[in-house]
Amino acid sequence: MLADFLLYLSLFLIWVMLFYHMFLMQGGYLHAQSYRKTAEKYLSQMKEYPAVSILIPAHNEEMVIENTLNSMVRLNYPKDKLQVIVINDNSSDDTGNIVEGYANIYPYIKVIHTKPPLGGKGKSGALNTGLKHSTGEFIVVYDADNTPEPDAVTQLASGLMNDPKAGAVVGKFRVTNGSKNLLTRLINIETITFQWLAQAGRWFWFKLSTIPGTNFAIRRSILEKLGGWDEKALSEDTELSFRVYNLGYHIRFFPSAVTWEQEPEMIKVWWKQRTRWARGNEYVIFKYLLNFKNMDNKKVGLDLIYFLFTYLLFFGGVMISHSIFVLNLFFDLNLSMGAVSYVLLVLGFLLFVTEVALALSFEKDQLTLKNAGIILFMYFTYSQLWLLLVVYATYLEAKRVLLKQEVTWYKTQRFKEKETSENRSA
Amino acid sequence: MKKHYPVTILMTVLIAVVFILTTHPVMADKDSDPKVLIVFPSDQKEINEQQRILDMLISHFTTDIDFKQPDEIEEHDLETYSHVFYQGTEKEDLPKGFQQALEDYEGTLVAQGHNLNQLGNRLSFAVPMKEEAYTKLNMKANPEKKVKTSIHTVFNVKLGEEAETIVEVESGKRTFPIVSHFEKAYYVGTPMIDSPFSTFLGETLHEVFQSDHDSLHQGYIRLEDVHPLVDPGNLRGIAEVLKEKEIPYMIAVIPVYINPENGERVHLSDYPEVLEALKYMQANGGSVVLHGYTHQYRDSETGEGFEFWDVKNNTPVYIDAEDDTPLKKRKDFNNQGEYESYRKELIEFEQSYVSGKLTSGINELTSFGLHPLAFEAPHYTMSQNGYQTTSEYFSTYVGQLQLSDENWEIMSSAPYITKPSFLHGMTLLPETLGYVEPDAPDAVDAIMERAEQQMIVRDGMLSLFYHPYLGVERFKELLSRLETLPDVDWINLKEGDHSVTSDKVNIQAAAGKVEVDRSQFSLVTDSKTSLSYFIHQTLEKISWGLVGTGSLGVLFFFSSTIISRRRFSKIERRDHVG
Chain Y
1 MLADFLLYLS LFLIWVMLFY HMFLMQGGYL HAQSYRKTAE KYLSQMKEYP AVSILIPAHN
61 EEMVIENTLN SMVRLNYPKD KLQVIVINDN SSDDTGNIVE GYANIYPYIK VIHTKPPLGG
121 KGKSGALNTG LKHSTGEFIV VYDADNTPEP DAVTQLASGL MNDPKAGAVV GKFRVTNGSK
181 NLLTRLINIE TITFQWLAQA GRWFWFKLST IPGTNFAIRR SILEKLGGWD EKALSEDTEL
241 SFRVYNLGYH IRFFPSAVTW EQEPEMIKVW WKQRTRWARG NEYVIFKYLL NFKNMDNKKV
301 GLDLIYFLFT YLLFFGGVMI SHSIFVLNLF FDLNLSMGAV SYVLLVLGFL LFVTEVALAL
361 SFEKDQLTLK NAGIILFMYF TYSQLWLLLV VYATYLEAKR VLLKQEVTWY KTQRFKEKET
421 SENRSA
Chain V
1 MKKHYPVTIL MTVLIAVVFI LTTHPVMADK DSDPKVLIVF PSDQKEINEQ QRILDMLISH
61 FTTDIDFKQP DEIEEHDLET YSHVFYQGTE KEDLPKGFQQ ALEDYEGTLV AQGHNLNQLG
121 NRLSFAVPMK EEAYTKLNMK ANPEKKVKTS IHTVFNVKLG EEAETIVEVE SGKRTFPIVS
181 HFEKAYYVGT PMIDSPFSTF LGETLHEVFQ SDHDSLHQGY IRLEDVHPLV DPGNLRGIAE
241 VLKEKEIPYM IAVIPVYINP ENGERVHLSD YPEVLEALKY MQANGGSVVL HGYTHQYRDS
301 ETGEGFEFWD VKNNTPVYID AEDDTPLKKR KDFNNQGEYE SYRKELIEFE QSYVSGKLTS
361 GINELTSFGL HPLAFEAPHY TMSQNGYQTT SEYFSTYVGQ LQLSDENWEI MSSAPYITKP
421 SFLHGMTLLP ETLGYVEPDA PDAVDAIMER AEQQMIVRDG MLSLFYHPYL GVERFKELLS
481 RLETLPDVDW INLKEGDHSV TSDKVNIQAA AGKVEVDRSQ FSLVTDSKTS LSYFIHQTLE
541 KISWGLVGTG SLGVLFFFSS TIISRRRFSK IERRDHVG
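Chains as they are written, first to last, in the working numbering: chain Y, 1 to 426; chain V, 1 to 578.
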């Protein structure tokens, strides 16, 4: 009886989530059909180029910073309107020197070196420092491992110019090392799906999307009003998104602005990075759940509920259903639910496969036979790792709150790239 | 106002005409309905099984039956009756008043058994002789309609010249009349009515009542003792056979199985496959008959025990199953008053016991989506009080009837559909052919033999039951034999006019439709079983809803993927060419 109850409970929790995802994916599909036209229209309406400051926080980024700066140089944006600020945040490697070299050649590239106690406090701190030195009307942020396409900044700026209600415009990121190994292939598929399902889907239906930490433009006025980034937040992007909504702005997802970034090639690095994200999201859930009443834009509730669902209810549901599934292999739990539970199990899998396949179909050369195989594999491996991740992140967050620990910046380890990836478009 | 006057007249006339047209046939029917009096021996305290058997036979023709004893009858008392039956089950000196009344009576008179010579002129066509033994019976006008029997006796009579024999009995080469008549007076030469004579009497009564009943044999097949632990495979197998042959049938369902070893109660909702099989049957020609709630009373096994009779005491169920105190007798009380109030308590206990069981059964089955249309008491045992209580819930009773409150073994069936007075408005669909006995190799032969006997009656019922645990093959054998019977009209309860009522449910079958009127909320909250079943069903439905929507999603995403991919390669090609 208890097993029955739990099974139904878990199934319904899971399916609420699956339905929401179905709904989002439809939105993503519709957005994928229409975004090019919008971008073309916006570009044609752009009379003048606004002043843009690009902030690039860098902490020991000697392996990748050169590529990033090269792509800055290649940007198709009037250089007199452009300011590139690299915040060399307490690096112990050669990052500083490399950037200095560029700064000497290109006048619009600027470097700020920070040392503790002021520097080395993490990405949010670095961004706030950069913000202080910036002059642009729009602030664009790139991670130090990013290589935006030449039109990316123009696209982001046109988004903000043409849509006065947009507090921020978020571009799309793609993976440079997507075919390096199995892990990066999985991450590549995941990022494409995430952006078309969650970002595009939410934008299409609710005019909501989340600032991803890189490749986005935000109005300076907003940052000033908000007092910059929250230095305590582990995932400063999600946190910032919530505050932007709260001012009554929306965040536009603009897939025409494309950046390429490196993803972890080793599971250990991936694990650390994802743990940080998961903890960050949990931090946001609690911060805003407790303050929900004071939020002016209640639409944020949608995202809050989404996060809450993902990290608590969906997670719980999957855990219960997995446990029951495993237990049922060894003991007869006398489950009264018949064939329908198996049908739902298979259907859940099919939904996953078709949704991911649909997202891949929006990108050039991604829906290949090989990737199709990887999608099947992904469901049983990569996706399941997420469960462990949530457990681990929750454990760390709980420990942090209980023991009142300081937040430290787990920087994602970089890998030296041989020439640019074959995936890259020109 | 005056202008409307002619219109008013016209309307009045029209209404009167309509009234006459619509009400007249009913009134005419009422007039021609026989009104029957059964006279039973003076020293009997109350009606007994012999009157009830006669009641069962007569109620096929009319439900207007009175019972009186000779000393209650005065001159002219008989005038209002169209038919008078005198049951001479005992020798006695008939009072003068009654004799005079008989003398004056001009309606149909049927006399049975003893005291023939006191019944006056109208029965003088039959002169009592001595008692004779017989081993065969047949209809005089149709000697083909005959039956062999164990040795019985007949009150032989010498008939007057104009008198006619209707039923004849035979012993060796000698024949005697057992039912004879002269004009509207009949003599039945036996004090007791029992089988197989009751069959012949049943046929004869068609003449007595000058009925225009068609020669048509109705019948039914009832799947017996279907409880939660029955093999659903057998149920489905049998259901398929009957569906294919388009034979409607009944399923005697016991909603709860009680394990005799540990007292554990199992409901149909605990065995969804059985429940689903039953629902399938209900949707494909089967009609559910409530066969008790647990089919047991003390600690016997479901399907084996009696539920509405205390076999240990051979009394109705007067005390709780757990209660060991012996029932008290008249001698245990100081006066009649105390004894009577004790009896009243017992009867009230039985009423609430029966009510409780029936209510649980009806409500539980309905909450599972099964709609009982009739009732059948386990082992056909129930007291007169029980029948009366049951009549508040069911319009239809299926099976045989227990005729005495003294002994459960006194039971009988009627040869045809009837509405005996002691069923208080319930219609009896009698079971007449028995069942396939598991260990009897010639069980089906015995059934066929009884069927032959039943067909002596022009509208004799051909009804039997079968235990599904015997399997599909034996059922097929049975069916292939039954198919050799000439045109049986298999009863479909859903086609008939049957109704079932409980505190929460109202089920009405008519013309193939079963209307269920229930308060869903109070029904599902009636018991834990019903509630949990309801929740399960709802969840299951929602789950299938999820499956439906999810499937649409998969379909949508799959086709979108193909469209999107095609469109992409088109854009690519265009870009390439351009």
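The set of hints was computed from the structure by calculation and includes no laboratory data.
Take these hints with a grain of salt, some might be off.
[Stated by the list, open to error] A partial selection of chain Y residues facing chain V, derived with a Cβ cut-off under 7 Å:
| no. | residue |
| --- | --- |
| 1 | 13 |
| 2 | 16 |
| 3 | 17 |
| 4 | 349 |
| 5 | 367 |
[What the hints assert, rightly or not] In silico lysine-lysine, DSS-like type, Cα no more than 25 Å apart, as pairs:
| no. | chain 1 | residue 1 | chain 2 | residue 2 |
| --- | --- | --- | --- | --- |
| 6 | Y | 370 | V | 329 |
| 7 | Y | 364 | V | 570 |
| 8 | V | 541 | V | 570 |
| 9 | V | 494 | V | 570 |
| 10 | Y | 132 | Y | 110 |
| 11 | V | 570 | V | 245 |
| 12 | Y | 37 | V | 570 |
| 13 | V | 148 | V | 91 |
| 14 | Y | 41 | V | 570 |
| 15 | Y | 37 | Y | 132 |
| 16 | Y | 298 | Y | 287 |
| 17 | Y | 47 | Y | 37 |
All C-beta atoms, glycine included, are put in the ideal place defined by N, C-alpha and C.
Hint-by-hint comparison with the structure:
{"no.": "1", "hint": "13", "verdict": "violated, 12 Å"}
{"no.": "2", "hint": "16", "verdict": "violated, 10 Å"}
{"no.": "3", "hint": "17", "verdict": "violated, 12 Å"}
{"no.": "4", "hint": "349", "verdict": "violated, 10 Å"}
{"no.": "5", "hint": "367", "verdict": "holds, 6 Å"}
{"no.": "6", "hint": "370/Y <-> 329/V", "verdict": "violated, 91 Å"}
{"no.": "7", "hint": "364/Y <-> 570/V", "verdict": "holds, 12 Å"}
{"no.": "8", "hint": "541/V <-> 570/V", "verdict": "violated, 43 Å"}
{"no.": "9", "hint": "494/V <-> 570/V", "verdict": "violated, 63 Å"}
{"no.": "10", "hint": "132/Y <-> 110/Y", "verdict": "holds, 13 Å"}
{"no.": "11", "hint": "570/V <-> 245/V", "verdict": "violated, 60 Å"}
{"no.": "12", "hint": "37/Y <-> 570/V", "verdict": "holds, 16 Å"}
{"no.": "13", "hint": "148/V <-> 91/V", "verdict": "violated, 29 Å"}
{"no.": "14", "hint": "41/Y <-> 570/V", "verdict": "holds, 22 Å"}
{"no.": "15", "hint": "37/Y <-> 132/Y", "verdict": "violated, 36 Å"}
{"no.": "16", "hint": "298/Y <-> 287/Y", "verdict": "holds, 15 Å"}
{"no.": "17", "hint": "47/Y <-> 37/Y", "verdict": "holds, 18 Å"}
Hint compliance for this structure: hints 1, 2, 3, 4, 6, 8, 9, 11, 13, 15 are not met, and every other hint is.
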